[in-house]
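2 protein chains.
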Amino acid sequence: MNPETFTVDGDRLTFELAELGKIGLGDDGGYYREAFSQADLDGRTLVEGFMEEAGMTVTRDAAFNTVGRYAGENDFLPPIVIGSHTDTVPCGGNYDGVLGVLSGIALVRALHSNGTRLKHPLEVINFSGEEAVSPGGTFGSRVMTGHFEEGLLDQIVYSDETFRELLERVGIIIENLSTIERKKGSVAAYVELHIEQGGNLDADGISVGVVDGIVGFRRYRLVFSGRANHAGTTPMDRRDDALVKAARFVVGVKETAEKFGIVGTVGTLEVTPGAPNVIPGSVELSFEMRGLDDSVIDQAQERLTSFSRELDASFEKFSHKPPIISNKVIVAALQEGCRRAQLEYVVMPSGAGHDANLMATICPVAMLFVPNKDGISHSKEEYCTPEACVNGANALLQGIIELDLKI
Amino acid sequence: MNPETFTVDGDRLTFELAELGKIGLGDDGGYYREAFSQADLDGRTLVEGFMEEAGMTVTRDAAFNTVGRYAGENDFLPPIVIGSHTDTVPCGGNYDGVLGVLSGIALVRALHSNGTRLKHPLEVINFSGEEAVSPGGTFGSRVMTGHFEEGLLDQIVYSDETFRELLERVGIIIENLSTIERKKGSVAAYVELHIEQGGNLDADGISVGVVDGIVGFRRYRLVFSGRANHAGTTPMDRRDDALVKAARFVVGVKETAEKFGIVGTVGTLEVTPGAPNVIPGSVELSFEMRGLDDSVIDQAQERLTSFSRELDASFEKFSHKPPIISNKVIVAALQEGCRRAQLEYVVMPSGAGHDANLMATICPVAMLFVPNKDGISHSKEEYCTPEACVNGANALLQGIIELDLKI
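Line order of the protein sequences matches chains V and F.
Position 184 (the first sequence) corresponds to 358 in my numbering; numbering is contiguous.
Position 95 (the second sequence) corresponds to 269 in my numbering; numbering is contiguous.
Honestly, the hints are just simulated from the structure, not real lab data.
Among the hints, erroneous ones may be present.
Identical copies carry no separate label here, and so any pair may be met within one copy or between two of them.
[Unchecked claim] Result set (SDA-like, lysine to any residue): computed pairs, CA atoms no more than 20 Å apart in a straight line:
(1) LYS358 - GLY426
(2) LYS196 - HIS552
(3) LYS491 - SER333
(4) LYS491 - SER456
(5) LYS433 - ARG412
(6) LYS547 - THR479
(7) LYS433 - GLN475
(8) LYS433 - ARG422
(9) LYS547 - ARG412
(10) LYS491 - ASP414
(11) LYS196 - GLU458
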């Protein structure tokens with residue numbers, strides 16, 4: 175049988191989503207499979223069973239990443255890796271991460287049930303600790319790519335123990351973590367299917383997004399200084415109102431983002447002293463910009479730095495992650511996969527970070543997005559139709575079959 | 175001797191300021207003569223002694239207002255009243271209110287030491303509880319003018335007792351309060367000298383402000399609704415950012431106030447959810463406008479109401495005090511007083527409220543302002559030069575001498 179005609183077992187994928195959906199479901203309808211919680215570990219064990227049933231050899235590594243391996247015709251080639259995660263934010267949904275892991279399993283099942291192997295070995299990885307505990311997220315993929323900072327071990331998580339204590343309590347041996355590091359070139363390609371977490375596909379009624387890059391982001395902190403003064407006795411022309419300056423900057427961030435085709439957001443803003451009858455003396459705000467082209471963000475930053483100087487604000491960048499550009503060969507293969515699966519697709523960036531960001535440091539990567547309702551994620555309202563899930567898995571299946579031949 | 179040549183005893187005024195300045199002075203350099211505290215009562219007793227020494231008959235009324243009376247040539251005429259207060263905000267200064275009471279005493283001393291009486295009886299009133307305890311300020315003048323709301327008695331003040339308990343503890347008999355109410359027409363004129371509490375006189379180097387009115391103010395609460403969403407995955411053209419709308423409104427308040435020649439201030443603003451990576455879903459802000467002409471504030475309100483509708487905001491007025499227009503005869507007399515005292519003056523509005531607001535409900539009123547350093551008040555940094563204090567008292571003295579002849 176021609177692999178180009180293979181499809182995933184949609185009913186089985188839907189069943190596995192439902193089975194995992196029985197674990198960590200709170201009374202409020204949200205999921206509580208927080209990283210390394212009992213529910214997270216129970217979910218991981220369940221998914222390991224699914225991997226074995228699908229025909230994979232399953233290992234849980236020293237960082238509690240589950241690696242399901244499906245041998246290739248040439249098993250000495252570096253593997254094609256399909257990964258994501260099954261842990262959730264507190265009161266999260268059952269699709270973010272989950273769908274990527276189960277789609278990978280569905281893909282292997284489709285090959286295995288047809289008695290087919292690809293040229294490359296396949297690995298489906300259920301990364302551990304992708305969602306943020308206090309020291310930040312993407313724990314498992316950080317360890318695997320050599321980007322875990324040991325200093326984080328001493329931070330407090332879930333407000334009652336250190337991250338080290340949490341890891342040791344669940345059985346992770348810290349000194350063994352480094353044994354799972356993979357070197358550059360040891361993975362042929364990394365592909366992650368994920369819900370979009372934005373409303374674009376859903377609003378436009380498109381089945382699949384082929385991700386041409388993961389936006390970089392920079393976060394900034396600004397302090398606007400004015401002069402706190404009596405709101406009644408100070409004429410307008412004798413005021414130095416920090417909030418008026420900050421308000422101009424908020425509008426400026428929006429206009430700058432629009433001009434440069436990126437996104438820019440002022441998410442926090444605090445007014446001091448914050449009394450109805452006092453002219454604001456100081457305003458602190460944080461904002462971020464995200465885009466696929468670092469040089470464009472450079473230009474936007476230059477413009478806003480200059481604007482902040484006009485407004486007498488202090489301007490401090492406190493976080494900077496460069497964009498990840500998808501590998502062109504993988505993107506082309508995934509597009510071909512969509513065409514074969516007869517699914518309408520669009521090429522688009524990812525506005526959020528994923529395990530793929532870390533994997534990009536050791537191998538070529540790309541991602542697939544499926545529409546989730548209204549773009550809502552990290553919420554109990556997070557939802558994907560069964561059809562959208564199956565469509566995504568079929569695009570992944572055909573994309574990987576194509577990719578295997580092209581690399 | 176011609177009363178037009180009288181001057182106040184500046185050294186004595188400076189001495190009395192210094193004596194009162196020994197009461198309620200905190201280790202941090204601020205004054206703590208909060209309404210009905212022991213320091214406030216001690217200050218009141220000290221000032222009652224000053225009144226007697228200056229030649230007045232002194233009564234502490236049922237609301238603990240101190241009334242110092244200096245008989246007139248025609249003692250059956252309604253009195254000219256000069257008033258203010260000696261209580262302070264926590265960590266306040268020793269001029270706000272204080273200077274008005276001590277200037278009134280200086281005025282009477284100047285008449286008395288010259289063996290002169292005016293046609294009208296004079297009263298110097300040290301009002302009680304002008305600065306806000308929890309149920310609001312201007313207690314004494316409210317009671318005197320029949321504007322005290324009994325419901326306030328049950329509110330908690332200074333966080334440990336009700337206002338009623340506080341008043342009873344210091345010896346005020348609640349049922350006697352109504353006995354001190356004065357009817358419309360029972361006072362010939364009310365004049366209050368006060369520090370400007372704005373930086374205009376100080377910046378312009380002008381000795382006296384003759385107040386042609388006390389601005390009215392209105393306070394509003396607005397809620398801007400948007401849609402909280404992921405700051406990375408939501409393109410600019412699919413956003414509904416509550417903070418961008420609120421920022422436009424903040425700028426709009428400034429522009430509107432400038433256009434209409436009033437003051438407008440957004441003093442508080444809160445962003446929800448207030449996370450760096452989430453588009454603000456909701457912003458609540460409060461703003462106020464103040465001006466001397468209610469119909470102008472009406473127009474500004476109309477413009478901003480309409481703007482808030484364009485921005486999909488809810489718009490609620492929660493406070494509205496009409497302006498007080500000074501009596502023209504008093505204003506003219508005070509201007510003449512400045513000229514006789516050879517002091518440069520300017521006619522200006524008061525941006526803050528005073529006991530004069532309440533007195534205006536029963537009699538004609540006007541005020542005099544003296545410059546305070548940088549316009550700072552309600553602060554331990556509050557400061558007036560001795561010269562500025564004496565200048566103000568001389569303007570008051572000559573203004574009242576003139577007024578007595580004109581009414």
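Against the structure, the hints:
1. LYS358 - GLY426: neither (41 Å within a copy, 55 Å between copies)
2. LYS196 - HIS552: within (18 Å within a copy, 61 Å between copies)
3. LYS491 - SER333: neither (28 Å within a copy, 42 Å between copies)
4. LYS491 - SER456: within (19 Å within a copy, 26 Å between copies)
5. LYS433 - ARG412: Between copies only: 15 Å across, 34 Å inside.
6. LYS547 - THR479: neither (37 Å within a copy, 35 Å between copies)
7. LYS433 - GLN475: For LYS433 and GLN475, only the intra-copy Cα distance (12 Å) is at most 20 Å; the inter-copy one is 33 Å.
8. LYS433 - ARG422: both (16 Å within a copy, 18 Å between copies)
9. LYS547 - ARG412: The answer is between: 15 Å across copies meets 20 Å, while 51 Å in one copy does not.
10. LYS491 - ASP414: Close neither inside one copy (25 Å) nor across copies (26 Å); limit 20 Å.
11. LYS196 - GLU458: For LYS196 and GLU458, neither the intra-copy (43 Å) nor the inter-copy (39 Å) Cα distance is at most 20 Å.
The earlier numbered hints that this structure contradicts are 1, 3, 6, 10 and 11.
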